[in-house]
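Starting from the known structure of chain A, fit chain B onto it as the hints suggest.
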Amino acid sequence: GQSLEQPSEVTAVEGAIVQINCTYQTSGFYGLSWYQQHDGGAPTFLSYNALDGLEETGRFSSFLSRSDSYGYLLLQELQMKDSASYFCAVRDMDSNYQLIWGAGTKLIIKP
Amino acid sequence: DGGITQSPKYLFRKEGQNVTLSCEQNLNHDAMYWYRQDPGQGLRLIYYSQIVNDFQKGDIAEGYSVSREKKESFPLTVTSAQKNPTAFYLCASRGGQGGNTEAFFGQGTRLTVV
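Order-wise, the sequence lines are chains A and B.
Here my numbering is used: position 57 in the first sequence is 57, and no number is missing along the way.
Here my numbering is used: position 44 in the second sequence is 155, and no number is missing along the way.
With the rest of the complex left out, here is chain A (with noise of 0.2 Å):
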């Protein structure tokens, strides 16, 4: 079956990192979107990967291991207004390249 696993809470400190992973089994792998979900608000998209590595956009980096079906949101120099849920989605061939949906870890951000 296509599943996807992430840590359903993460807690850390205004000012440090915090790395957010996701462990996924799929048949039609195409690629890893990220996507962040304030309390009661709509999903915004952060971040794609398609090939392995690491794509940077500005405090946010998303890496991608596909032969360990493995992926992390990395989020820098934390603020309150990251406090929110971030969901890890597969894109995959096998089901007409619909986004397949962890679900979500809730970040919490401490002073």
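In short, the hints are calculated from the structure, not lab data.
Cβ atoms here follow ideal geometry from the backbone N, Cα and C, with glycine treated the same way.
Keep in mind that the hints are not guaranteed to be accurate.
What the hints assert, rightly or not - Below are the DSS-like pairs computed for lysine-lysine, each with C-alpha atoms no more than 30 Å apart in a straight line: (1) Lys106(A) to Lys182(B); (2) Lys81(A) to Lys106(A); (3) Lys181(B) to Lys106(A); (4) Lys168(B) to Lys182(B); (5) Lys120(B) to Lys182(B); (6) Lys81(A) to Lys181(B); (7) Lys168(B) to Lys181(B); (8) Lys125(B) to Lys168(B); (9) Lys168(B) to Lys120(B).
Stated by the list, open to error - Some residues of chain A that are not near chain B, with every Cβ distance over 10 Å (derived): (10) Val13; (11) Glu14; (12) Gly41; (13) Phe45; (14) Ser61; (15) Asp82; (16) Ser83; (17) Lys110.
As the list claims (entries may be wrong) - Derived CB-CB ranges, DEER-like: (18) Thr190(B) to Asp94(A): 40 to 50 Å; (19) Glu180(B) to Glu5(A): 33 to 43 Å; (20) Thr190(B) to Gly15(A): 23 to 33 Å; (21) Ala16(A) to Thr188(B): 38 to 48 Å; (22) Ala172(B) to Pro111(A): 29 to 39 Å.
What follows is chain B alone, placed relative to chain A:
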């Protein structure tokens, strides 16, 4: 401004009633999606449409229906057959069918059965 709009933001339904959630986009996107999100959970796909007048069932289509008569619009009806409809419903659209085109989401409709 281009975007995707869902209405209403909050909706209350009596048991046994059908209700329709609106989703409109002016991004000229071909693909549109409906997801359901329960507390502490990821997004589960209800229905999706990749072209006008065509749509496909997602993982949890039972008790829901959709139509796609116009490119801009993809309304979702929650029927009385849906036994546990209280949830947060999200509509999304994408410009392409493959690759890394991101999904854009509406602000969601929170449906509560009273």
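### Query
Tell me, which hint numbers fail for this structure?
1, 3, 6, 12, 13, 18, 20, 22
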